[in-house]
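Participant: Quick note: the sequence shown uses the numbering used here, first residue 1, plus one each step.
Keep in mind that the hints were calculated from the coordinates and are not lab data. All clues given are correct.
Pairwise CB distance ranges (calculated):
id, residue 1, residue 2, range
1, P141, G91, 26 to 32 Å
2, K164, R40, 29 to 35 Å
3, Y5, Q32, 17 to 23 Å
4, G124, R25, 29 to 35 Å
5, G91, I191, 39 to 45 Å
6, G8, S161, 39 to 45 Å
7, E143, G53, 19 to 25 Å
8, D95, L57, 19 to 25 Å
9, D129, P180, 24 to 30 Å
10, G53, M87, 27 to 33 Å
11, H73, S161, 17 to 23 Å
Only pairs whose alpha carbons sit at most 20 Å apart, straight line, appear in this in silico SDA-like list of lysine to any residue:
id, residue 1, residue 2
12, K55, T77
13, K96, P86
14, K103, T123
15, K114, K154
16, K173, R158
17, K55, E75
18, K96, G33
19, K154, L168
20, K103, G33
21, K103, G119
22, K173, T183
23, K173, A128
24, K154, K164
25, K171, R149
Heads up, the beta-carbon is just placed ideally off N, CA and C, and yes, glycines get one too.
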Amino acid sequence: METSYFEGECFENLSFVEESWQGLRFVDCQFQGCSFERCRLSHCSFSECRFSGCKILEPVCDQSEVRFLELDHCELTNVNWSLLLPMNGFGEPIDKIENCQLKYNFFTEVPLRKFSFLGSALTGSLFADCDLTESNFSGCPLEGTEFFRCDLRKADFRGASGYKIDALTNKLKGALFRYPEVTSMLASLGIVIE
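The whole structure should be built from the sequences, with the hints applied where relevant.
Facilitator: This is the structure:
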């Protein structure tokens, strides 16, 4: 990729392994069936781009940012979203996630208010210091996914399973849960249920 600015482009079935990209800017581009494994992004930006059926594995990010990404049927492994936040604070990093598999993703101070994870699975991921007010995790498999110091007020966890939510460090007023999954939160209170 010699050009540093791409707008309205469509990239299909491309595979990149341990590539290094610097100073690339993508605006309103589509990536379909592409694979990015352990690629290094330095001073790159993706704005209003759509990834469909893509595999993104262990990106190494240095002063790069994403805004309003749409992710559909993607596999995302070991992505640290806090390293991809918009630098000037304007814009949400992710606009939509549908039917994705997220493994070992890290969300620290990522704004995801009223965000829907519906239809996606999150494994071994971490949300720390995130605003997840009114977010929707209903029916999501969340095996080993932890929530620490998050605002989960009015979030929907009905039908979700495998999550680890510390009732003492998270704001939970009005959050929706179902029995028996909700009992997993009682472990943080030291309560014994027989």
